[in-house]
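Enquirer: Going down the list, the protein sequences come from chains A and B. In terms of full-length UniProt numbering, the first sequence is residues 1 to 277. In terms of full-length UniProt numbering, the second sequence is residues 1 to 806.
Take the hints with a grain of salt, since some may be wrong.
DSS-like mimics (lysine-lysine), calculated; alpha carbons at most 27 Å apart, straight line [claimed, not checked]: (1) B:K493 <-> A:K258; (2) B:K446 <-> B:K676; (3) A:K189 <-> B:K797; (4) B:K797 <-> B:K468; (5) A:K258 <-> B:K468; (6) B:K148 <-> B:K99; (7) B:K225 <-> B:K42; (8) B:K676 <-> A:K187; (9) A:K258 <-> B:K721; (10) B:K797 <-> A:K187; (11) B:K583 <-> B:K493; (12) B:K42 <-> B:K347; (13) B:K148 <-> B:K721; (14) B:K42 <-> A:K42; (15) B:K468 <-> B:K676; (16) A:K42 <-> B:K721; (17) B:K422 <-> B:K321; (18) B:K471 <-> A:K258; (19) A:K189 <-> B:K721; (20) B:K321 <-> B:K421; (21) B:K71 <-> A:K42; (22) B:K186 <-> B:K42; (23) A:K258 <-> A:K189; (24) B:K471 <-> A:K187; (25) B:K583 <-> B:K623; (26) B:K613 <-> B:K587; (27) B:K347 <-> B:K99; (28) B:K186 <-> A:K187; (29) B:K23 <-> B:K585; (30) B:K676 <-> A:K189.
One-sided excerpt, in silico: chain A residues whose CB lies under 10 Å from chain B [what the hints assert, rightly or not]: (31) N5; (32) P39; (33) M40; (34) K42; (35) D103; (36) K189; (37) D192; (38) Y193; (39) T195; (40) M250.
Bear in mind the hints are in silico, worked out from the structure with no lab data behind them. Each residue gets a CB set at the ideal place from its N, CA and C atoms; glycine is no exception.
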Amino acid sequence: MIPANFEYHRPSEISAAIGIIQQHGDEARVVAGGHSLIPMMKLRMAEMGHLVDLQDIEELKGIEFSDSSVVMGAMTTQHELIDNADLASRLPILREAALQIADPQVRYMGTVGGNVANGDPGNDMPGLMQCLNATFEVVGPDGRRSIPARDFYEAAYFTAREDEEILTKISIPVPATGTGYAYEKQKRKIGDYATAASAVMIGNGAASIAMTNLSDTPIWSEAAGTALAAGDVDGAVAAALDAIDPQEDMRGPVEFKKHVAGVILRRAIARAQSRVG
Amino acid sequence: MKDEVPTTEERVANLKGMGSSRKRVEDVRFTQGRGNYVDDIKLDGMLFGDFVRSPYAHARVTTIHTEEAMKVPGVLAVITAADLEPLGLHWMPTLAGDKQMVLADGKVLFQGQEVAFVVATDRYAAADGVEAVEVDYEELPVVVDPFKAMEPDAPVLREDLEGQTEGAHGPRRHHNHIFTWEQGDKDATEAVMAEADVVAEEMIYYHRTHPSPLETCGSVASMDKVTGKLTLWGTFQAPHAIRTVVSLISGIAEHNIRVISPDIGGGFGNKVGAYAGYVCSVVASIVTGKPVKWVEDRMENLMSTAFARDYWMQGKIAATKEGKITGLWCHTTADHGGFDACADPTKFPAGFMNICTGSYDIPTAYLAVDGVYTNKAPGGVAYRCSFRVTEAAYFIERMIEVLAIKLNMDAAELRRINFIKKEQFPYNSALGWEYDSGDYHTAWDKALNAVGYDDLRAEQAQQLEDFKAGKTRRLMGIGLTHFTEIVGAGPVKNCDILGLGMFDSCEIRIHPTGSAIARLGTISQGQGHATTFAQIIASEIGIPADDITLEEGDTDTAPYGLGTYGSRSTPVAGAATAMAGRKIKAKAQMIAAYLLEVHDDDVEFDVDRFVVKGAPERFKTMKEIAFAAYNQAIPGVEPGLEAVSYYDPPNMTYPFGAYICVLDIDVDTGEAEVRKFYALDDCGTRINPMIIEGQVHGGLTEALAIAMGQEIAYDEMGNNKSATLMDFFIPTSWETPNYETDHTTTPSPHHPIGAKGVGESPNVGGVPCFSNAVHDAFRPFGLTQSHMPHDHWRIWKTANGLGLHS
Ligand SMILES: Cc1cc2nc3c(=O)[nH]c(=O)nc-3n(C[C@H](O)[C@H](O)[C@H](O)COP(=O)(O)OP(=O)(O)OC[C@H]3O[C@@H](n4cnc5c(N)ncnc54)[C@H](O)[C@@H]3O)c2cc1C
Chain A
1 MIPANFEYHR
11 PSEISAAIGI
21 IQQHGDEARV
31 VAGGHSLIPM
41 MKLRMAEMGH
51 LVDLQDIEEL
61 KGIEFSDSSV
71 VMGAMTTQHE
81 LIDNADLASR
91 LPILREAALQ
101 IADPQVRYMG
111 TVGGNVANGD
121 PGNDMPGLMQ
131 CLNATFEVVG
141 PDGRRSIPAR
151 DFYEAAYFTA
161 REDEEILTKI
171 SIPVPATGTG
181 YAYEKQKRKI
191 GDYATAASAV
201 MIGNGAASIA
211 MTNLSDTPIW
221 SEAAGTALAA
231 GDVDGAVAAA
241 LDAIDPQEDM
251 RGPVEFKKHV
261 AGVILRRAIA
271 RAQSRVG
Chain B
1 MKDEVPTTEE
11 RVANLKGMGS
21 SRKRVEDVRF
31 TQGRGNYVDD
41 IKLDGMLFGD
51 FVRSPYAHAR
61 VTTIHTEEAM
71 KVPGVLAVIT
81 AADLEPLGLH
91 WMPTLAGDKQ
101 MVLADGKVLF
111 QGQEVAFVVA
121 TDRYAAADGV
131 EAVEVDYEEL
141 PVVVDPFKAM
151 EPDAPVLRED
161 LEGQTEGAHG
171 PRRHHNHIFT
181 WEQGDKDATE
191 AVMAEADVVA
201 EEMIYYHRTH
211 PSPLETCGSV
221 ASMDKVTGKL
231 TLWGTFQAPH
241 AIRTVVSLIS
251 GIAEHNIRVI
261 SPDIGGGFGN
271 KVGAYAGYVC
281 SVVASIVTGK
291 PVKWVEDRME
301 NLMSTAFARD
311 YWMQGKIAAT
321 KEGKITGLWC
331 HTTADHGGFD
341 ACADPTKFPA
351 GFMNICTGSY
361 DIPTAYLAVD
371 GVYTNKAPGG
381 VAYRCSFRVT
391 EAAYFIERMI
401 EVLAIKLNMD
411 AAELRRINFI
421 KKEQFPYNSA
431 LGWEYDSGDY
441 HTAWDKALNA
451 VGYDDLRAEQ
461 AQQLEDFKAG
471 KTRRLMGIGL
481 THFTEIVGAG
491 PVKNCDILGL
501 GMFDSCEIRI
511 HPTGSAIARL
521 GTISQGQGHA
531 TTFAQIIASE
541 IGIPADDITL
551 EEGDTDTAPY
561 GLGTYGSRST
571 PVAGAATAMA
581 GRKIKAKAQM
591 IAAYLLEVHD
601 DDVEFDVDRF
611 VVKGAPERFK
621 TMKEIAFAAY
631 NQAIPGVEPG
641 LEAVSYYDPP
651 NMTYPFGAYI
661 CVLDIDVDTG
671 EAEVRKFYAL
681 DDCGTRINPM
691 IIEGQVHGGL
701 TEALAIAMGQ
711 EIAYDEMGNN
721 KSATLMDFFI
731 PTSWETPNYE
741 TDHTTTPSPH
751 HPIGAKGVGE
761 SPNVGGVPCF
771 SNAVHDAFRP
781 FGLTQSHMPH
791 DHWRIWKTAN
801 GLGLHS
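Here chain A stands alone, though its shape is the one from the complex (with noise of 0.2 Å):
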């Protein structure tokens, strides 16, 4: 448990480490909470010559406010989307499904950014960001685009952000008022992965479903929200279920993961509906 030599970078700006980035190519890597990346370096399942720390990027802190939009920095720990009583005004699924991550000290250093950038399917924040249909901001040596969260998954730890490109900002349109939600997870102990997961928001005649730990990415399915929205409960499980692709674990084998996939979307979906205001 202990990983291999690497130098440790600590830029203050984007554009420095970018420079880094693009200096050693492969050999580096960018470092946020670390609570997925070093793990991984200790069990020696990820080996870099350069780590650069995005902790003293100011550009990458701090949450905005606007009427129809809520933007994160990338940096933004996931202990403030629980303790920051304006976002839980606005999008309250952001507390509910922190509070369900891993527990407070892996939330005291694990970021939103490292969250959505990390790839693992076991992740909740990505599932959550396609069912709120999030955007993802990117800063290359290229300049910036915004990639769809809806996108940016393609399997278990590729995503669509090329690797120099750095994750800098999450909006998220904030949801009409009276719109229903919530986070669902059925898991084995505190600080585990999702057996099962899943994110719901309906209200206003829309309505949007995704799944976590279910494939090897995130699952958001149009089908399921669009039946749903038409009041169409068992046809809105059937189309998720359709989606996801479990595989087998020391969580359980498919056929179960399969079933509570199910059940946990039922209560999902009740418990987003008692909220409809």
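Once you have looked at the hints, place chain B with the ligand on chain A.
Expert: Just chain B with the ligand now, with coordinates in the frame of chain A:
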């Protein structure tokens, strides 16, 4: 000023002796981060060692390339079996009479096995060195199933034993067979089964798990080439035994070896045996002349150090129509992994599995255990239980439930009509034990009353109706357990480990001003010995517990003893402590009589003093007596006040308890939520109620883990699938339910203070209790047995198999 003479009660309270919930003295240091664990030891010029481990479960090791590793800056040596062979240290004896490779000698038998030991100037260099060692393996067929291991054409795992038909515990009948151990009367038991009204039969599997103490295993070896003395600090539950074994295998004279167990961060059986890391740190220190530290990480701990359980127990239980049990039959297939490294008393290769008749008066019984090699890590240690007692308790407490189902009886009532009665003690069991004392009916009724058993059953019936009516998706389960433990190994006449008798010891020295130091052959790993043993002394000789220092774990100063595991410290070393105290008291009596100018028989002990019989105003306190012992010439009495006692217990002690668990199961997700857990323990005389309660809470939480999710799992290739705390379940406060504790007190008649030991009862009784609750929830739907751990998917699978999802 008023002349305040303390009352007797005040004097008793001032001692903080037996029965007092004295706060743990250790906690001052532990809660401030001032403990001193093995990894806290830092010596000048200390080097670090780290292992290259096998990624394969069964493979031939053809070549080990060390050249690249030697180029890593800071790496000083890479030790392989070839280097150890000239010293005769490439294999080491196990506590079970087998031998185990220290470093891979031509092949590996489990994933994570030690292949080479890299020694470097610091941890980081050592880890880089490990990465740089390249090993050529030739994969061999893997056997992870003990039944398949016993098939005629199964691969030969232990080539070193090829053709050897006699093992440490009798004949071996197959190349992967270790031993057969039989107890009881086979023919008589089979006859009972043939004639019985009712026979219930079931396979009860107690899965493989791991003690996983918070602190992993480690050692620091320091060979002083000038004095020729080896000092070895380590995570040892039995420091003296380690000293003797090191002396025997290394040839270093025993007086030139000093073994020290500093603070130990939990053991639970994981730290009883000898590990390759200990041997390699010693060898590396001898070779380099420098101190060498080895500390394993969590994954190494879970993959390679001693596991627990892995018993397949085929059972038959016979009874009359009315439910009176007439016989018990058990055949166990014990999966020992690649080497037999159990830590049982030598004559008991399956530990005290023959306590499997439990709390019941079963006239006829038979037990056979077959030990088997597989491609898994070695171990089979007593994880917070006396040797294999938790397996035995799980077996009988499941079989009782299975029988209750067959008889269509209430399981509480079935237990009641079969308990050994109070007046039957001392009770000789069909499998050879003499139970010292017990009052099971009283404990059982107290427990059932405390939880309101009948009301709970009524509530359960209502919930079942609601479930069937579609009003709820939750089922309620009520888990019952009445366990009997056997602890305090043990009488030297039948208990030894590698020939070392299992007595224990205590030495007490009273200082001239009336305070004291006591040293024991045991070693605390969190049990609070420094607190409780001082309380025994306080009550025995009348010196306040706060004035007594307690030391353990340094073989240069502590008297010889066999260490701490199997709940043996209080039954054995606690008895030695009382006996040493009594020797001191006897001498103190002579001194007091002399000082009071009366005959020895004319004084009597009174809390903290000797008084003249009939004239209590004439007395000498222990403080005064201590001072006189050193500073006054007393005719016929040697100066000084100290004593040592080596205690060879006449029998084991038999703690027992009644546990009841109530939980709710979500049949759709497989989640179980414990809503109530009641634990009544009878551990004989209670030395410190608060420590007992703490032990019970901790042990129940381990039991919860084991029953509900904790396992060491392997795939078909022998890959360990549970080597991190992500998959290996250790409950946090979040997963831990509330516990209600209670007690009855039935002292041990043969123990000097009547104490029986409690540290392990909650694990022994807790596991069947949680498991029985899960089973009970599904009983109305026809479930008789489903194997642990009862994690979400397995509970879900049970519900699914019973048609509860359609
Ligand atoms: C015990 C434990 C339990 C956990 N449980 C959960 C859980 O239940 N649910 C869950 O969702 N997560 C869980 N996690 C993961 C945790 O939330 C991590 O913090 C998160 O996955 C990664 O965020 P980070 O800031 O720590 O990123 P890091 O570990 O620093 O980085 C992760 C990856 O993202 C990349 N990266 C980070 N920031 C950026 C950026 N701005 N631009 C481009 N690339 C970037 C890094 O290069 C790296 O590849 C758990 C972690 C632990 C240790």
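Enquirer: Of the hints given before, which are not true for this structure?
Expert: 1, 12, 22, 28 and 33
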